[in-house]
Amino acid sequence: MKLSFEKSVKGRRGLRVAAGDVPTSINLNPALLRDKPAELPEMSELDVVRHFTELSRRNFGVDTNFYPLGSCTMKYNPKVCERIAAYPTFTHLHPILPQLCGGEKLTQGALQILWEMDCLLSEICGMKAFTMQPMAGAHGELTGITMMAAYHRDRGNKKSIVLIPDSAHGTNPASAAIAGYSVKSVPSDENGWMSVGALKEMLTDEVAGLMLTNPNTLGLFDPNIGEICRLIHSVDGLAYYDGANLNAIVGKVRPGDMGFDIVHINLHKTFATPHGGGGPGAGPVGVVSKLTDFLPISTVIKRQDGTFALDYDKPKSIGYIAPFYGNFGIILRAYVYILMSGRDGLERVAENAVLNANYMKEKLRPYYDMEHPQLCKHEFVLSATRQAAHGVHAIDIAKGLIDAGYHPPTMYFPMIVKEALMIEPTENESKETMDAFIDAMIELAKRAQTDPQSIKAAPTKTPVGRLDETRAAREMKIASLDS
Amino acid sequence: MPYITNTDEQRRQMLAEIGLTTEGLFGDVPAGLRCRGVNLPEGMGEQEVRGKLAEIAAKNHINVTSFLGGGFYDHFIPSVVYSVLGRSEFYTAYTPYQPEVSQGTLQAIFEFQSLICRLTEMEASNASMYDGGTALYEAMMMALRITGRNKIIIDDSVNPIYRVMMHSYTRNLHIDLVETNNHQGLANRESILKSLDSGVAAVVLQNPNFFGSIDDFTDIAQAAHEKGALLIVSCYPISLGILKTPGAMGADIVTGEGQSLGLPMSFGGPYLGFMATRKKYVRNLPGRIVGETVDSAGRRGFVLTLQTREQHIRRDKATSNICSNEALCALAATVYLTLLGKEGLRETAQLCADKASYAYQRLTAIPGVKPHFPAKWVFNEMVLDLPHDAADVIGRLIEKGFAAGFPLSRYYKDMDNSILIAVTEKRTKQQIGMLAEELEAIL
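Chains as they are written, first to last, in the numbering used here: chain P, 34 to 516; chain V, 269 to 711.
The following block holds chain V by itself, in its conformation from the complex (with noise of 0.2 Å):
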């Protein structure tokens, strides 16, 4: 093991020293609790280990063309992220518990909630979350706290894979998880507002929804408001760079995932949730928050406060039991912020939504292919219907080169023909017209 640096002679020196012999190191361990060696392979070197994990990783066909998206996005991301995550100062340093010689994260971490706030138009950010799925249950159980209430609406144009994360955490809670269902691909205000009554916590939306279509959810802001619930809103980020912020609409707490600020898709993870809110409810915030103070000379620095929420403090009375944050993402999504700027991030967003409607009105010009919603607006992400089942096709134009997107009968009823479609500022005008090309020769 090159890890370990010490020498056979100089562990014998050590145990001289200390009176210890290796059998004694483990002398307080019971007899019949030592194992006799676990049975795993021998070690390797790097130069096998390289070599295996390549033919591993073989087996893994990037060559597609990707229009998947469903919450994770395939962006482009500058080399100066990679670079800068390359720093082993940041990636090697662990939560900033030392000031002094953790400035370096801490003001990093800091501009992190500082973009996040400009972006959403909130006043304050935690350092970050898990993930855009945890991040909207951390703020479901923010809002059950801040009213002390135990109801929740939450409409079904929420991404499904959050609404059922939402399930699993709260089986154990008592807690009313009443679920509306969208109005033609948008939240269904109709329901929304039929269930809105004194007992609410929170409504939680997404903008842009699930189906890519987007709105305007002040009307629900105020809505809520008069009972005294919060509206949570789940955004993505990207968007940002031209839609209406949560802010404006009056949301009181906003998540979303991060991984489209600088991460790639890495087959899951790890990503980034964040979480914003309004200064009033800094205190019941969830997770990690960085302060900016002054040391005995008046230098300006920054150190992890309102700790007296976090579970090492207060145990089982905690916001929350989390105890890191996504730092190293975090700092990505800062970088990637930071490099793209004020300009660069609303080009980027209105490429998107430029060459999704290019592609909407590609593919929609072929026969059979049809809106499936009437709703007009999308970001860069539509509901397309499809004269035959949309999980067939996709698997057809897998073997032609396409993720040509998300069949929504895997979470929807009566949606076997529907495909989701996502284009991000990475797809040319020339995939998309061999995307429709293919399509319209399976069809």
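Okay, chain P solo, but in the shape it has when bound (with noise of 0.2 Å):
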């Protein structure tokens, strides 16, 4: 398909701007101006609209097709959300208009979803106070680190080391990397926790603290987590919870009565948010007691006659780390599916969320490895080892998924299993949609045996078929410049 500038025709427009209503300026020094417009297209409205259409129908999206990408959650996005979203009188709001004398009794609204929203993912989470500013789940590590360096500071620590597990995702090593920490992975044991033994040996006073995802990236719950934050704790350090893969327990288990300290939170997992293509997601962070004075400048607080405000009043706290409150457009969409779910609710997505992986795992175990076959959580890791065999991989299984109508699951990850092909249904998905998906790996699986090439030509149904990524990497055409 052409590029937008491919499409290009000198003189057409897309748009009448406003006429202008004042004089033009004579005000600007021409040495200050750019010497040619900048080349962008020149299309008509139409031009533009089946531009971007016709793109649109080459995406797999939650509401075209099953869509398990382990790790991600990509729930149902309850269109309820986008539409309250969309009222004007959130997204015309400026951020500023708070902070201005006066200004505050004009975002009432804004600042109560703000509040509220704190309070209640601080009881989904066992947590005193939440901080909705990071604007991503690693956004949301960087900022749970930082504050962990901050409490460290400020009783005298000398600590350098922030240990985490082999089967973490790739981001918790670098968000302790990025705030200045060095990082001990601490390995698995052979039921796919945390080892224990290895942790109490690495375990120094160096240490700042731990980050964990639990349920982890095996979609297995690790029952000894009480005794690790314990450990932790021992030595002054603090225990992170990479609250990725909460979908799997919202409403059953609270981060905080596991023991942990931080926690951070995907909105656009757990809590339905659109993903955007890659986002923008939201990623709020939520602290026990002893880290509320940490926390990012502002917050906002209710004051005794019901009213809301900003309070910037935090000495103690690591600054600001987004310029205003974060994604609020996401927040609000997150704080609509809570609303909507309720108590009852949550629990019961979490059940759903379960069962479904269960179902598929186990009616899929006869026909793939699995290193970790037992009680799993919201998704699972299987093992694409007994087709590579045959030279079938896990990305050819993927790519034959893609002809049967479906978007693969996480392929190669975590990297601690072999062939891993990670599946997440999550709970919206109904069982004659999970039934026919296991029917389609079942098929691949028999395939795989009795017709290899066939599934290594997957897929052909697709406006493009495999993609050669190494010659993407080696020419690096990665713009279309105006030559």
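It is possible that some hints are incorrect.
[Unchecked claim] With a straight-line cut-off of 27 Å between C-alpha atoms, the simulated DSS-like cross-links for lysine-lysine are: (1) P/Lys451 to V/Lys585; (2) P/Lys191 to V/Lys585; (3) V/Lys585 to P/Lys217; (4) V/Lys419 to P/Lys191.
FYI, nobody ran anything at the bench for these hints, they're computed from the structure.
Work from the hints to combine the two standalone chains into their complex.
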């Protein structure tokens, strides 16, 4: 398909810009202006609409296809949340407005939502308070680790190490390193849990904290979590909960009750906001009482008269980590989702997410290898090792699924599992959808033995086939430049 | 919960098939850790929740005429942007890990990268960042990696919100962040050159700067390059419809807030950071990058590329911890720039400058209102001095239905009476006139 630039026709216009009602400026020094206009496409409105509509049809989304992408929690995104987030009384609010004298009263609704979300998420996670500012999960991690550092600085602790299990998401070690810590990887044990023995050996006064996902990336709940948090606390370390997998336990287990001190939540996962093709998300961070002083500026408070205000009086705060109050439009969608779910609804979410994952795991178990076939939570990891013996690897199974009309599972993650395919159905999917997917997986497992070449040729029903990634990296053509 | 599709009967059937009970699904969680239900209200149906949110939304008041800017602007958003963004093939997809079923997102990002390069006159762009502030922080980290040095010079004419963000992120790192004080509203060349030694990784500037003043940093780029340092420029993309580009000035890394390109103000987010650089620094870019390639039949396609820089492969050695971008916001900017096109963007930028110029004339004609800086050239934002405390005047104008601007005393010393006023193409001559009349009446 052509690029917009290739469809451009000189002289075509897509928008009639408003007529000027003031004299044209004579104020600008020509030396400060650009030589020639930016070479943007010249297209009509119809050209533009057709172009992007055609692009949209080259995408799989949750609304078009089953999307069991493990670790990403590709839930259905309720339409009412989109509708409410588009209310002009939310979208037209300038973020500086409440910072002006007398401006606070113009934004009471928005401040109320931020304040209530703090309360709701604190209750759901067993934390004392939340900041809504982090704009993604990884941004939440960086915020949380920065607070961890502030806590140790405040206590006069000399700490330099953050411990992270080898099954962790890559963002965990990257966030700790970028915040200035050195990272040590804790091995998993034969159950797929973090090795408590290894943790004990690695535990020194240098340890600032531990980052952990529970259930972990294998989809397994680590039952030693209470002891793990106690061990970390014994050296005045802090336990950080990566909330990427919260959907499995929401309403059932609270990170605070497990012993965690800092939590980030991916609102776009557990609380059903759209993934947007890779963002925007939101990654609010919650903390226990001993860390609330370090939360970013500002926080929303509720006054005795019931009005809401921004609080900047936080001398121990880590400061600003976002320009304002976080991705408000995303927080708003998640707020609506939580109100609709309520207490009962959230428990049903976890139950159905776990039931669906276990159902699929058991149905696929005879056909694929599994290093950890025990009870899983919201997702499970299988290995295409048996198929690989016939030359059909995890990536081939993934591409075969595309031709069957499915978005593939996550491939080759976690890295500690060979030929990994990580499947997360979410609570939304029906038995019929899962049964059809299971049949497709079984058919691929059989075809791997009888006709492996047909799978290696997949996908054939998409606008493009398998793409040459090596060539992309070598040629590095990453923009159509105006030459 | 209407979002759970299976019926009770289907659940019973599935549990029976795998030999489990609902209770047994959580049998791996030690009993002491299970909570007895969180204390939340009962769930609601769509009708109730829309009623409740309509009540809350009514506590926000948007019927004020806004001259607020400070990096975040009330620009016109064409209907086509909303229409394309409403397509759920885009918004319910995730990061395009599987290129064959994600060509829509991938090509849109490739076009976004191309548009950013053309706008800034740079050679390479990533797929976007969270916002302009985090983009600037990432640019600073990138400069530290490229040069292996640890000193950064940043002029205080750069957005103060971004400067405080950079301090928050770097407190635990051993970075020497040197702030220079602007000279009469422009980057302080004398102080910058004085601090510019062979330990400096980058000089960080903004154009138009926080005060709305426009500049040409070509001389600073040359001085920085002579010392082996980079020039980072944060910019306002609408202004690039007419202003000299950071690329033409010799900048090495360009960042900015893309909110003005078709995104509503939404009380602070989601927004859009962008980042562009020279081709030689591509491997040091943080975040996602989309590249062009072909399939086995020779058909053009797009993939995520240069992934060996990233956290999911490099873990603690990655260029950044970022694993997402703001794809949907980048799509909005892509649609916006494509629709406005070459002439539409130029006209929009010119209109902003014209209206600001008109507002400048109207407002400075009021007795007691004077420009704070002698600098002549502004794009669409200006600093004016009032005879009284600016925060107080702004408060009184809010009562009259105007969000007249931003009080600079919040971030700058000795600027108690100074107000930062922004004018976009959406403000009419009549609205500007009414602001001038109300301001004159108050003073």
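How the hints compare with the structure:
no.	hint	in the structure
1	P/Lys451 to V/Lys585	holds (23 Å)
2	P/Lys191 to V/Lys585	holds (23 Å)
3	V/Lys585 to P/Lys217	holds (12 Å)
4	V/Lys419 to P/Lys191	holds (24 Å)
Against the hints set out earlier in the document, no violation occurs for any number.
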